[in-house]
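> Taken in order, these protein sequences are the chains called A and B. Residues in the first sequence are numbered consecutively from 1, following the UniProt record's numbering. Residues in the second sequence are numbered consecutively from 1, following the UniProt record's numbering.
What the hints contain is simulated information worked out from the structure, not anything from laboratory work. One or more hints might be untrue.
Identical copies go unnamed one by one, so any copy, or any two together, can satisfy a pair.
To be verified - For lysine to aspartate or glutamate, the following EDC-like pairs were computed, each having C-alpha atoms within a straight-line distance of at most 20 Å: (1) 185 - 330; (2) 86 - 112; (3) 38 - 14; (4) 333 - 181; (5) 77 - 282; (6) 143 - 314; (7) 86 - 105; (8) 86 - 108; (9) 45 - 218; (10) 87 - 107; (11) 86 - 107; (12) 87 - 75; (13) 87 - 108; (14) 232 - 282; (15) 40 - 10; (16) 296 - 167; (17) 143 - 112; (18) 86 - 98; (19) 42 - 107; (20) 45 - 108.
One letter stands for each residue in the lines below.
Number of protein chains: 2
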Amino acid sequence: MGRKKVTITEVAKEAGVSLATVSRIFNNKDGKIKISEKTKQKVLKAAAHLGYQTNPFAAALRAQKTGIIGILIRDLKDPFLIELLKKVQQQVQSRGMDVLIGHTDYEETTAERQLNVMMNHWFDGVILLDYVAAQHPFVDILKQYQTPYVSLTGDASSALWPIVHVDDAVGMQLAVAHLTDLGHKNIGFVGKAVSGVEHRLSLFYQYVPSANAKFVKEDMNNSDELYQFINKLAHHPEPPTALICATDYIALKVIHCAWQNGLHVPADLSVIGFDDITEASEAHPPLTTIRQPMEKMAEKAVNLLLQQIQDQQEIDQIQYKMAPVLVERETTKRMN
Amino acid sequence: MGRKKVTITEVAKEAGVSLATVSRIFNNKDGKIKISEKTKQKVLKAAAHLGYQTNPFAAALRAQKTGIIGILIRDLKDPFLIELLKKVQQQVQSRGMDVLIGHTDYEETTAERQLNVMMNHWFDGVILLDYVAAQHPFVDILKQYQTPYVSLTGDASSALWPIVHVDDAVGMQLAVAHLTDLGHKNIGFVGKAVSGVEHRLSLFYQYVPSANAKFVKEDMNNSDELYQFINKLAHHPEPPTALICATDYIALKVIHCAWQNGLHVPADLSVIGFDDITEASEAHPPLTTIRQPMEKMAEKAVNLLLQQIQDQQEIDQIQYKMAPVLVERETTKRMN
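All chains should be modelled from the sequences, with the hints used to inform the complete structure.
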């Protein structure tokens with residue numbers, strides 16, 4: 001077995017300084033933070049002692065900007081994430097830069113490897129689409145390479161970083177208030193077993209009185225499960241009169257299954273979605289939903305990222321919560 | 001205005017040699033093709049004359065393999081392309097390499113820019129997902145950088161390069177034969193206005209007698225248009241008894257619109273899709289379809305690409321047509 005390559009982390013430990021300091025010294029990228037000559041010497045001594053080798057090509061190229069932003073996405077089959085990604089790409093392109101995408105398919109090892117690839121190819125920054133820190137220890141990789149990042153959408157409760165996301169609590173309140181105003185009492189919820197949905201489900205339980213929240217399908221994995229759930233509702237003596245869906249994608253499937261089970265939407269069942277993807281307004285009937293301000297969210301995330309790239313400095317660990325709005329279309333109806 | 005940067009194309013023109021030759025010389029990447037000292041000198045003289053500057057860092061890094069394959073995809077909302085992309089990624093990863101994705105959203109300028117980015121970041125090769133040469137002059141970019149590429153899926157009639165794709169003619173014959181065997185005569189077609197669909201439509205006209213092919217919706221852009229089309233069928237005195245859909249994605253929308261218009265599938269209308277995406281088997285009722293052998297197609301494309309990377313040589317301009325199969329599920333039914 002060959003000798004293991006010495007990492008920048010080991011150099012930092014040996015020198016007793018932070019990773020960021022070591023990285024700044026090796027990349028000649030002081031930014032606004034001045035590093036003392038004493039610290040520099042300490043780090044260089046530690047590096048020499050451990051046999052750490054810098055890559056002169058890498059250092060030379062890193063000093064330049066590549067104009068490439070990486071997007072790490074974990075599910076390419078989620079239409080909301082794809083629409084958000086497209087808006088991020090438009091924002092980045094409108095500033096003369098471009099985007100390359102890493103698809104991780106929920107695999108942590110893939111996520112880590114792809115981030116390393118982005119770092120090794122000198123991407124200027126990374127947008128983490130629908131990731132949270134608690135699930136993914138790869139924040140260390142980003143810190144080690146001093147690459148700016150912004151998290152966009154996802155469960156913010158475990159966010160450790162700058163994150164831009166919709167205010168789910170406001171969204172759920174809007175949905176419940178809308179249905180309550182229309183006279184609905186018995187309200188159900190349909191979601192899929194992913195992290196963002198858990199959060200929306202907990203908010204559902206918070207805003208719908210438990211006696212009226214009996215019909216919950218929180219782990220819809222495929223159309224078959226959904227069909228069985230809707231079939232059960234169709235034959236229930238006291239079925240819910242309205243369903244809140246964790247996403248528009250699910251809502252559209254719910255409406256399809258409802259039709260197949262003889263439940264007409266909205267005559268027999270009101271359905272409300274979340275996100276306002278393109279298909280929501282194009283559906284028959286057009287879907288009532290809680291709209292995420294995707295355009296603004298993408299713009300804010302890109303601005304936060306570019307600010308860090310320009311200033312060569314991390315920004316504070318802030319959450320930017322954006323308010324959603326109710327878009328009333330034709331899948332919700334006043335109770336008779 | 002500063003002086004314009006001299007390109008490798010201009011050097012090739014000045015020296016009277018091919019782009020590939022110039023690229024091989026500057027990248028110290030002779031491969032199996034020996035370049036004579038005389039040619040080398042001619043190119044270096046032309047480069048000096050024009051003031052062409054090589055990037056020493058780039059040359060040094062290009063000599064190494066990066067282990068990254070680029071995928072250029074033009075529509076991230078097409079579920080078939082996403083499933084194919086996932087299979088390509090799995091194939092690449094199983095060989096210890098990884099994939100980064102460029103999304104072009106049907107924009108040629110974006111496609112060209114992203115290809116340049118991939119070249120400048122020393123990607124080892126590129127898979128063009130659903131692109132054809134005739135539409136996209138960026139083949140020149142790939143040739144200039146001597147980067148291997150393979151085209152995967154798409155309309156092969158205008159393909160100038162190694163392409164792996166399904167045999168659409170066999171697929172259409174299977175679909176028509178299946179419906180004819182079930183006693184259907186009056187058969188319609190629903191497609192979307194994109195290139196692959198044009199080809200399937202022309203095959204539809206080829207295999208369905210024109211007297212029986214009266215109901216064709218070839219440019220379905222949104223659910224509203226589709227709804228109106230199905231509504232027209234539902235009220236027609238002699239409606240088609242079966243519809244062939246250009247993709248599963250469209251077939252699932254067709255079935256939904258049929259239900260809304262009181263046409264039960266397959267009792268009143270048989271529907272057959274194309275692709276066999278995951279949703280096809282999970283749908284209610286499960287969709288009868290023409291399956292593209294995605295796994296094999298992805299494997300073949302990756303093998304062709306890696307072969308070129310390894311041999312440092314282009315392969316011949318071959319088409320690999322893969323045979324589709326009929327998957328009979330529950331959306332097609334014998335005529336009463």
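> Against this structure, judge whether each hint is valid.
Checked hints:
With identical chains, the CA atoms of residue 185 and residue 330 are at most 20 Å apart within one copy only, with a shortest distance of 19 Å there and 38 Å across copies. In this assembly of identical chains, the alpha carbons of residue 86 and residue 112 lie at most 20 Å apart only when taken from different copies (17 Å versus 23 Å within one copy). In the homo-oligomer, the alpha carbons of residue 38 and residue 14 lie at most 20 Å apart inside one protomer (15 Å), although the nearest pairing across protomers, at 54 Å, exceeds that limit. Within a single copy, residue 333 and residue 181 get their C-alpha atoms as close as 10 Å, which meets the 20 Å cut-off; across copies the closest is 45 Å, which misses it.
With identical chains, the CA atoms of residue 77 and residue 282 are at most 20 Å apart both within one copy (19 Å) and between copies (15 Å). In the homo-oligomer, the alpha carbons of residue 143 and residue 314 lie at most 20 Å apart inside one protomer (10 Å), although the nearest pairing across protomers, at 40 Å, exceeds that limit. Taking the closest pair of Cα atoms, residue 86 and residue 105 come within 20 Å of each other both inside a single copy (18 Å) and across two copies (8 Å). Proximity of residue 86 and residue 108 under a CA criterion of 20 Å is satisfied inter-copy only: 16 Å between copies versus 23 Å inside one chain copy.
Taking identical chains as interchangeable, the C-alpha atoms of residue 45 and residue 218 are never at most 20 Å apart, the minima being 56 Å within one chain and 70 Å between chains. Taking the closest pair of Cα atoms, residue 87 and residue 107 come within 20 Å of each other only across two copies (15 Å); inside a single copy the shortest separation is 24 Å, beyond that limit. Within a single copy, residue 86 and residue 107 get their C-alpha atoms only as close as 22 Å, which misses the 20 Å cut-off; across copies the closest is 13 Å, which meets it. Taking CA atoms no more than 20 Å apart as the test, residue 87 paired with residue 75 passes in both settings, with 16 Å inside one copy and 14 Å between copies.
For the homomeric pair residue 87 and residue 108, the shortest alpha-carbon distance between copies (18 Å) is at most 20 Å, but the shortest distance inside one copy (25 Å) is not. Taking CA atoms no more than 20 Å apart as the test, residue 232 paired with residue 282 passes between copies only; the shortest distance there is 18 Å, against 28 Å inside one copy. For a Cα distance limit of 20 Å, the shortest separation of residue 40 from residue 10 inside one copy, 16 Å, qualifies, whereas the shortest one across copies, 46 Å, does not. Taking the closest pair of Cα atoms, residue 296 and residue 167 come within 20 Å of each other only inside a single copy of the chain (13 Å); across copies the shortest separation is 44 Å, beyond that limit.
For a Cα distance limit of 20 Å, the shortest separation of residue 143 from residue 112 inside one copy, 13 Å, qualifies, whereas the shortest one across copies, 32 Å, does not. Within a single copy, residue 86 and residue 98 get their C-alpha atoms as close as 12 Å, which meets the 20 Å cut-off; across copies the closest is 22 Å, which misses it. Taking CA atoms no more than 20 Å apart as the test, residue 42 paired with residue 107 passes in neither setting, with 38 Å inside one copy and 51 Å between copies. Taking CA atoms no more than 20 Å apart as the test, residue 45 paired with residue 108 passes in neither setting, with 35 Å inside one copy and 51 Å between copies.
Of the hints listed earlier, those the structure fails to meet are numbers 9, 19 and 20, in rising order.
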